[in-house]
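Colleague: The task is simple: from the sequences and hints, build the whole structure.
What follows is the residue order along each chain.
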Amino acid sequence: MKYDYYPGCTLKTKAKELDRCLRASAEALGIQLEELPEWQCCGGVYTTARDEIATKLSAVRALSAARDSTGTLVTVCAGCHNVLKRVNDDVKNDDYFNQRVNNYLLPEKPYLGETRVVHFLELLRDEVGFDEIKKRVVNPIGKKIAPYYGCLLLRPSSVMAFDDPENPTVLEKFVECIGGTPVVSPMRNECCGAYTTVSDPSAAAEYSGKIVDSCVKNGANLIITACPLCQYNLVKRDGRLPVVYFTELLAEALGVKE
Amino acid sequence: MNDIKKTTEQLAFMSGAVTSRCMGCGKCTASCPAFDRMEYHPHQFVYMVETGRIDKLLASKSAFSCLTCFACVERCPRMVEPARLIEAVRLAVERQQGGNRLLPDDVPCVIDDDMPQQAVVAALRKFTK
Amino acid sequence: MQKIGVFVCWCGSNIAATVDVRKLVEAAKHEPGVVYAADYQYMCSASGQQLIKDAVANYGLTGVVVCSCSPRMHEATFRKAAQSAGLNPYMLEIANIREHCSWIHKDVESATEKAVILMRAAVAKVNLNVSLTAGKSAVVKRALVIGGGIAGIQSALDIAEAGYNVDIVEKKPTIGGKMAQLDKTFPTLDCAACILTPKMVEAASDERIRIYSYSEVESVSGFVGNFTVKIRKKSRFVEEDLCTGCGLCAEKCPSRKTGNEFNLGMDKRGAVYIPFAQAVPKLAVIDPAACLHFKTGKCGLCAKNCQAKAINFDKKDEIVEEKYGAIVVATGFNPIDPSPFGELGYSRYPDVITSLELERIMNAAGPTGGVLLRPSDKAHPKKIVFVQCVGSRGLRGCDKPYCSKICCMYTAKHAMLIREKYPDTEVSVFYIDVRTPGKNFDEFYRRAVEQYGVHYIKGQVGKVAENAGKLVVHGSDLIMNEQVEIEADLVVLAVAIEPDESARKLATMLTASMDTNDFFTEAHPKLRPVESPTAGVFLSGVCQGPKDIPETVSQASAAAAKVVGLLSKDQLTCNPCVAHSDELLCNGCSACEKVCPYGAITYQDKEVNDHGKREVRRLAFVNEAVCQGCGACTVACPSGAMDLKGFTNRQIMAEVDAICR
Amino acid sequence: MQVEKFTPKIVAFCCNWCSYAGADLAGTGRMQYPENVKIIRVPCSCRVNPSFILRAFQRGADGVIICGCHPGDCHYTSGNYFARRRMTLLFGMLDFLGIERARTRVEWVSAAEGARFASVMNDFVQKVAALGPNRRLGDLRCRDSKEVEK
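Heads up: the sequence lines are chains W, H, F and B, in that order. Here our numbering is used: the first residue of the first sequence is 1, the next is one more, and so on. Here our numbering is used: the first residue of the second sequence is 1, the next is one more, and so on. Here our numbering is used: the first residue of the third sequence is 1, the next is one more, and so on. Here our numbering is used: the first residue of the fourth sequence is 1, the next is one more, and so on.
The reader is advised that the hints may include incorrect statements.
[To be verified] DMTMM-like mimics (lysine to aspartate or glutamate), calculated; alpha carbons at most 20 angstroms apart, straight line:
| # | chain 1 | residue 1 | chain 2 | residue 2 |
| --- | --- | --- | --- | --- |
| 1 | W | Lys14 | F | Glu485 |
| 2 | H | Lys6 | W | Glu52 |
| 3 | W | Lys236 | H | Asp112 |
| 4 | F | Lys470 | W | Asp213 |
| 5 | F | Lys470 | F | Asp518 |
| 6 | H | Lys6 | W | Asp51 |
| 7 | H | Lys5 | W | Asp51 |
| 8 | W | Lys210 | F | Glu426 |
| 9 | H | Lys61 | F | Glu482 |
| 10 | H | Lys129 | W | Asp200 |
| 11 | W | Lys14 | H | Asp114 |
These aren't lab readings, by the way, just hints derived from the structure by calculation.
Modeller: As structure tokens, this is what we get:
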């Protein structure tokens, strides 16, 4: 199993653990991830305006490079994943966008959305299989773990097609397979405050507070996430519970963390 | 008057949202996590654009409280996509002279050591043109 | 040469505003065969029709063209008028200049130009029309009602009362349908069972009514007055004439794992069961998917205990064939499954239920014996939230685009009943609009608010979530411009209703048309609301569109009146536009016979005189009472012998020529 | 000199039970489609003899469309299947005659699909208009001289 891998800028700086543990786990599971050469920032956030072309170009570059390589682009940062999947969908389904992007980038072969964008969790669920992972767990994580999805992984479900947007199960199944007990919080698909943390920390504190609150109320002693921004908000703007990346627990369970 | 019509058309194009489909159920507003920080709420965005009363929207800070979390888009039974409309309003404001809400020079004052890059990039993308 | 009169209708301003009717009249005067042309405001009115009659008399017209609305609307009207003037009705044709011209175009000049061409085509056709005489066919004096809910029962009772035999086919083991599951009915709050069960018994005891319960329509052939229907009587594995309905078998059955359909799975039933105490017919039925005997070959406790010796594990499905003159469709509805609306948590939280489930909980024969207890812990709920329009009026794949019509009223009923029986409860209703058009309906809803203190909140629910064991409803209050959060003990979803899934298959069998939501289409939405466009097929109840019980019953009786009108005739006038074979051209090749969907074509050896040469030839012969006039044979015929009266090759070619001129 | 816009002549054969009713519904709903579509009512799509279509092209029609009930929904149970098979054969022959494939079409429109009827007609007229006049089988006498010169 060989795939192109797009880490994204946060994974190179503030979220190094997310990246390092992902690579270690992938290796242990026999997944070959090739980092895309010379990738650029995906744009950080997807803008929904149809006439915003320039902010989506770098994502198209990454997608088009992956097409010419393995055809599948694996991401793990929820932000990058959201941007890449949605831009890919635009290229595929919005002629207005497609024409302008290709006119601008002038690639040798026009990019038409051929690349498959896959989140590492989707890879674990659909291609490796949680049963298979369970067999390789040497270090079960016996904790009560609250999965936190946030908004970027799930919505809009018509494009992301990641999981049921209102009743997702992939992280719960993941927690089970590494030996933990999933704690379902009703706030797991609500927004943590996202980028407003820069302009209005009190807003992010309020939203994150509600999320952590419900995790505490439901008896969790750990929160897992796939998003560096969520991790930051939940820890920095609240901090009552430890928040780790799911790849950290995976690496720990597989015994490859150190 | 003409300006308002033109801007309304522009908002419709940018967002792709069909405001006339709205039946005013308020499901978007019920789903909005940023409700308390908004002067105008998602269903009002839709109604005000539909009825051409956008001057108040453009003058309000409400669009900048939206988290683009897409809960409203996900749940809207009429496929109106309020979040796209709100983003269009925000961009319409930012594209005006002096419309930026976050200047690159301000960034060092608001960040801390742990803040992930994507937060800064995203905030600049959302609040600055 | 024909003498044709052309009559142009203004249809008030419907046509005249877009088509220059004077110009059209002038143009008509120059068409070959036209001897008279006139326009009038409303051709379909009595004086409009008189205009035709007078012109036929004064100008000796042999053909008439009316430029007006669709022939599907008034062709019959005008043909009758022509007939009363002494003209053969089939010498009249319509040029559709309303639906196909004035209503869809805006520019007067080009619309007029198109109207002229449509008129020309009609004139060209009438020039080739010949008088046609309709044949007669006999009427089978028995009706079939498909579906045994309140709609089907009412139609059957009314048909029987008029003196005709009628069969009800019901796919479930008992008749009664959805109404049997209801507790009380709005706006009078009378008990559903008290008004329905007497009707069920009446249907069962009426000697003119035969009930095929646990049966399904397998195939339908034939045509109005003479349908042949195959009915599959599914095996109950119980001899119907022996079973006494004592219920001992159901008591003894050791399998207790199957959800009881009548109570929507909220309690369990045995593998052998009687659907409910008032079931008609009251017969046991074995569910082979749950029965230990069918699964393991052992058990057989029911057979051992049955004193009537009615259990028969080897019983097979039976197919019966019957003939009917008319068919009433009364296939009803089902509430949709709200699971796709994930934000409302129906599939996750046991205390989020549908209104029909609440109806069973409130019913004395229901899973809780009529005591309001919530499913999760059987506790008495104190705070109850109703959510309106779940799946109605939406555009996503899981939504229905229409208003389900009954939800506003039954929710008011539920809220009122709960508040009356349990004054300590707090009841809130999230609504978008409260729609109460009906006699005493709005007064009823107001009573819920004013007298019973039900809290109506204008807004929708964004999410229902369980937080630390409590259901929390997040909604909006649009009048206050606020978000509201209610900790609820029970959440009731007013889910959309949709046509029963059997309707689509049935529509295909009946060649009756359906709309995009799988509701049956009526022949005319206003003037023929209980007839399907397919002759002899009538519509009763929700299969045609959402409606409440009073409306369903009225429609059921209306459909019955139409059926009785049909069955009271000894003979029906057939469609004279049938196929006809030219003896001199036919070479007896059988190509036409092979494509005829009705088996209307047979071959006979007949002596013909072919230009003085007499010989016996094998010739196609069309049975005019059986032919429905589709024209499939006319195209299949290699020698051009077969033609369709009223739509002959020459007539259609003339229309083509006129359009392309 | 102003060049006149080419408006194609379109003949539409509609079955009485579904498509003609669909066209009526388009009218009732005031859904616009071009004036150049002229509808001929036939009892069923299987009544449409391929010779009618050839005749239309010969007499100067630029496009011919046959509309029937959706497969499985034919009022006469199987008529639309016959129509589909016959038209498939005819299209092969029209190909051979050099008449562009896009000038003929078979569409299924139910009695409830007024909007679909209008959109099918709009699309068809647009596609035929893009092809220009039908010259291949058009009887030159049917055209006015100006057009022939062009």
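Colleague: Keeping to a limit of 20 angstroms between CA atoms, is the pair of Lys14(W) and Glu485(F) held or broken?
Modeller: violated (37 angstroms)
Colleague: Please work out if Lys236(W) and Asp112(H) have their alpha carbons no farther apart than 20 angstroms.
Modeller: Holds, at roughly 10 angstroms.
Colleague: With the threshold set at 20 angstroms, check whether the alpha-carbon distance from Lys210(W) to Glu426(F) stays at or below it.
Modeller: violated (27 angstroms)
Colleague: Holds or violated: are the alpha carbons of Lys470(F) and Asp213(W) at most 20 angstroms from each other?
Modeller: holds (15 angstroms)
Colleague: Lys129(H) and Asp200(W) were given as a pair; does the straight-line alpha-carbon distance stay at or below 20 angstroms?
Modeller: holds (19 angstroms)
Colleague: With a cut-off of 20 angstroms on the C-alpha distance, tell me whether Lys6(H) and Asp51(W) pass.
Modeller: holds (15 angstroms)
Colleague: Between the alpha carbons of Lys470(F) and Asp518(F), is the straight-line distance 20 angstroms or under?
Modeller: violated (39 angstroms)
Colleague: Decide if the proposed pair is consistent with the structure: Lys61(H) and Glu482(F), CA atoms, cutoff 20 angstroms inclusive.
Modeller: Distance ~18 angstroms between Lys61(H) and Glu482(F) Cα, so the pair holds.
Colleague: If you draw a straight line from the CA of Lys6(H) to the CA of Glu52(W), is it 20 angstroms or shorter?
Modeller: Cα-Cα ~18 angstroms, so holds.
Colleague: Given the hint that Lys5(H) pairs with Asp51(W), does the C-alpha gap stay at or below 20 angstroms?
Modeller: OK: Lys5(H) and Asp51(W) at ~18 angstroms, within 20 angstroms.
Colleague: Hey, Lys14(W) versus Asp114(H), does the alpha-carbon distance stay inside 20 angstroms?
Modeller: Answer holds: Lys14(W) to Asp114(H) is near 7 angstroms, not above 20 angstroms.
Of the numbered hints stated above, those contradicted by the structure are hints 1, 5 and 8, listed in ascending order.
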